[in-house]
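Chains as they are written, first to last, in the numbering used here: chain Z, 80 to 335; chain V, 692 to 1310; chain P, 574 to 940.
Worth flagging that the hints you see were computed from the coordinates, not collected in a lab.
Among the hints, erroneous ones may be present.
Derived lysine-lysine pairs resembling DSSO-like cross-links, with alpha carbons at most 27 angstroms apart [as the list claims (entries may be wrong)]:
(1) P:Lys-852 <-> Z:Lys-145
(2) Z:Lys-256 <-> Z:Lys-232
(3) V:Lys-1113 <-> P:Lys-645
(4) Z:Lys-145 <-> P:Lys-855
(5) P:Lys-615 <-> P:Lys-698
(6) Z:Lys-184 <-> Z:Lys-293
(7) P:Lys-892 <-> P:Lys-923
(8) Z:Lys-145 <-> Z:Lys-256
(9) P:Lys-922 <-> P:Lys-892
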Amino acid sequence: MILKKKTLLIKEGSQLAQEHAAPIHGKDEGTTTGLSHRKMLMWAFLGSDCMFFGSLIATYLVYQGKSLEGPLPIDVFDIPVTSISTFVLLMSSMSMVLAYSALTKNNMKGFRIWMISTAIMGATFIGFQVYEFSSFANHHVEIDCVSPGELTKYEQHIFDDGCSSGEAHAESHEGLKPQTNLFGTTFYTLTGFHGAHVTLGIVWLLSLLLLSFKKGVITPEKNLDVDLAALYWHFVDVVWIVIFTVVYLFGVFPGF
Amino acid sequence: MSTFPISIPRPVHPTGIWGWFTTVDHKRIGILYGVTAFIMFLTGGVEAILMRVQLAGPELDIVSAAVFNQLFTMHGTTMIFLAVMPLSAAFFNFIIPLQIGARDVAFPRLNAFSYWTFLAGALMLKLSWIGGATDAGWFGYAPLTSVAQNPGTGIDFWIISLQILGIASLAASFNFIVTVINMRAPGMTMMRLPLFTWMSFITAILLVLAFPVITVALIELTFDRYFMFNFFNVANGGSVVLWQHLFWVFGHPEVYILILPAMGIVSEVLPVFSKKPLFGYKTVVLAGIIIAFMGWMVWSHHMFTVGLGAVANAVFTVTTMLIAVPTGIKVFNWLGTIWGGSIRFTTPMLFSLGFIAMFLMGGISGVMHAVSPSDAQQQDTYFIPAHLHYVLFGGAIMGILSGIFYWFPKYSGKMYSERQGKISFWLIMIGQNVTFFPMHFVGLDGMPRRIYTYADNMGWNFWNGVTTGGAFILVLGFLLVVDNIGRHWKNGEPAPSDPWDARTLEWSISSPPPEYNFEEIPIVRSLDAWWETKQGEAHKEVPASGGSGENGHDIHLPQPSYWPFVSAAGLFIAAYGVVFNDLLIPWGLAAIGLTIGFVGVYAWSLEPVNDPEEEDSTH
Amino acid sequence: MRLQKISKTSFLIATTLLTLLITACYPDHNQSTFGPQGPVAKSQLDLFWWIFWGGLVVFVLVEGALVYAMIKFRVRSESDIPAQTHGNTRLEIIWTAIPALLLLIIMVPTINGLFYMYEAPKTTKPEHTLEAIGHQWWFEFRYPDPTNSEKEIVTANEVYIPVGYPVAINLESVDVIHSFWVPKLAGKTDMVPSEGNFMWFQADEPGEYYGQCAEYCGTSHANMKFKVIAVPEPDFKSWLQVQSNPALESSDPLVQEGAGVFKSAGCTGCHATKTVVNKGSKGRVGPNLAHVASRRNLAAGMLRNSDENGSVNAALLQKNLRTWLQDPNEVKPGNLMSSGAQVYTDPDKKLTEEQISQLVHYLSSLK
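Okay, chain Z solo, but in the shape it has when bound:
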């Protein structure tokens, strides 16, 4: 919406000026707060998305420890591997910050390099997720009936079922699928939606990257689109930190 400034002829410091809600002198004049509309929209959207992930996390927590059968977190999680992918995602947030900073300093080459780094790191994270999902789904357990060692609850079930009539090994190829138990259902749904958010973010970043090659679309002054994408990207990262803590770390420590 473009409005000529004719109507806003108010002298600075005049009584009239003082009677107004003082606009924060940001880059956007013409808005009551000085903040751009789209930035505010992004914040409102992120607030909404908080409730979205909050409900999924609440569902996960309600069902934590309530699965009747099937693999549990301690059976499938590989914390070292997931820590790496978490680190990669966190670093991608840093490269996003560097991308925006480069843009504002008119370093278009730097901007493009950091943007593609962010996208690549995001894609790496997704790659790890895909690997993780498929390894969970194909999780198989083999237990030596003679000397089983320390068994998790799930492994105990397999032992009880398979070792009762003197076999050498007990096996299960069941794997963890969303249909397997409550853990599978809630885990895949929560992390799947997070992954979908990351994927959308990657598409967004690559689009901005391509658009930056068109003259005048993304400039040091016209950097709002990148700013908004960065906000979104950081939000998705923060959500992952919560998920990693609540689902992964709490899932494998005893007592939870």
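Starting from the known structure of chain Z, arrange chains V and P on it as the hints suggest.
Then chains V and P, alone, in the frame of chain Z:
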């Protein structure tokens, strides 16, 4: 021209039907919402009448059990999501920019998108009657909604329509939040906002936070139904009570979403027709904020009988009773507004006064429900529909009717018939009480709700007959409303800009307003800025918006666009593709719809708000 | 002035009439909450009356003020501009504090009533602790077997209880959420699949109490009713004794033919005629029919077999059995028998009139 690979010309000054398809003007979008929602309201009314005819006497056979169960489900879902919410949205759209002194909303295309998406969701829900509509109640408790209990497509249509409607509501709410915060005329601080805009703003915030919760609940149900997940699968350890929690965490704020805009309308109408300011403006605003905040803490009062235990029930009893306090404050402040005033009993004023009377009664029965031991006798009986119809019909609908008549001159440019309006008010007022008051009796007399028939020896015959009679009085009242509004929109007396001698900025411009709303954006110096101007108190003056159209050359309005409609159409197709996911190619239709939607959104994001060529940089 | 006096008087008359109408006309029919016959229902009704009278006072005061204001402050002259009062903080504080205080006061008996209804009295006996299991669309009841703690006695749709003793009920469901509601004895508690709920009540007088499912549970939710029959404790014990044994076998050849049809038509697949089962065992798909001929109603309260005084009328029973067997869907749309039993789904296996008569003979012998 856009930066899209294929050059698609933008609509330039489209007229006629194309004008409506591509409009981004908040006033037109408001009218689209209002007309569509009113039609949906009438379909919900037909569903109600069919139920009432079936229940007019014991053991009747007008409709079968299966059809009746679809009727009450569709009636509830229609009235809440297709009638009250979008009727409120119609007013948000038309009125908020005018009240804050703006030329449009923050995101005009998003606004258009939210309307078309609403239409998509509404059509999908209503069309689901073909082939069997949803029949699990409007709050769809698990496991009745499971694929084992309900294998047909009815539930799927219900789920997907609600998701589509959710997208529409969210889009609209984001828009209004940014608009109200960021587009106020100079001098309009938050505490100078008209009450309707304030309540609508609070409603938008509630929506933005509450809708994602039902989105998640519906996604979980969808995954259970389509992919055998375990969210509500009791056999694999799932809990059906989880559905109730998720639903009502959304559902309770939802009822405040339904009532706050109507309260906002009443808070506008009462001062105008008492010729006095709203009593305790700050308090009423604060009460609205407190209600919105406390509304998050009461949800389990819908679950008092599900077995949460004495402690949980006690907590929710206390919070529910406490929420009566800010609600009561509003009622008293309304009384304080008319007290000592000079009251004109116009149609909008009658409806607003009726709101107070009816909402109070609904509030009292609400306190009865809050007391959970006696709620154990009231829950799932007709006592609950008695309460809810007093607050939602006697409250929300009457408030909305008040707005329909109050702002009629502004949005249509004509005057309605006052006499016909008054008659329709009395018919609706009497009809409402004859229909819903007896429900208190039969409810406490042991009649459960959601039953398609009842035995002859239960003693419920008489009052059910009365209720049915009342429903027909309501039909009469609404026929008069439709006639009044419809006829006079076309042929009524032209309306002046300020027929009511009102208080807020929308009355300072012509009826209907010009496309750009204000020639000059007003500078606001007080609450009720327009009223203060008229009283001639120079130090509080709003510069008159008059003068020739010379300033109009400088005003650039957002230009029409195809993309909101295209995106919504894509969503609509995708929605059908989710329900019918096994046509030629599995999920093929959904993919097509999503692609169209994606193309729409992509093109939209690349299309500037206004094409550069249109801007004349000479001034 | 005169107009004001008339308005005031008519307003007072209207209010008085309305109050009388509301209070004098409260209903008290078969399933009414206004005729409590036990302590739980009484305590819940007492609370209701508290809120009702409080609410009525609020209603009269506020609506009265509204009507008064509408009359007194109606426009006299169009050019009148009344004093532009913006508010009165003191008044607002008062009318915030008073309702808050009133609500806080009501909370005390409310919380008391809450805990009262959730905790069964300590004197509740184990033999009076029952199980109610919801099915679409009938109620299964189980009693602990007084002779064997590993066993339960199963019946359906009628639950006998001893007068004057607190009865505890554990509630469950096999399919969707139902709700156990017998208004004259207690408010309802839901029967949720996989979650055990609990309620207790007591009948102070002997009698037949109407109950109905109070949570929408599908097509025939309206048709899911039950009866609570309170009898003196000795009668309760002897009833339970009869229930725990199968019905006396009749030597009537018609009855025996009927027993044969009962087997050959596949009825035994869903309906048991033995009532003693292992504790916690899975129930049958259909109601237990061991003593169906002594039940006052059929099809979960849909068809009445008995006279006013409660004793079963043989002719009515037979008529009802016949009605049910001819077309269960007429009585209970969507029921599982019509949709699942071969004699209804397969036109070749349809029951003949003769077979129906034999079944009626057999079933009406199961007293």
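Cross-check of the supplied hints:
1. P:Lys-852 <-> Z:Lys-145: Holds, because 25 angstroms separates the two Cα atoms, which is no more than 27 angstroms.
2. Z:Lys-256 <-> Z:Lys-232: holds, 18 angstroms
3. V:Lys-1113 <-> P:Lys-645: Roughly 20 angstroms separates the two Cα atoms, so the pair holds.
4. Z:Lys-145 <-> P:Lys-855: holds, 23 angstroms
5. P:Lys-615 <-> P:Lys-698: holds, 22 angstroms
6. Z:Lys-184 <-> Z:Lys-293: Judged against 27 angstroms, a Cα distance of about 18 angstroms means the pair holds.
7. P:Lys-892 <-> P:Lys-923: Judged against 27 angstroms, a Cα distance of about 19 angstroms means the pair holds.
8. Z:Lys-145 <-> Z:Lys-256: holds, 16 angstroms
9. P:Lys-922 <-> P:Lys-892: The given pair, whose Cα atoms are some 23 angstroms apart, holds under the 27 angstroms limit.
When held up to the earlier numbered hints, the structure conflicts with none and fits them all.
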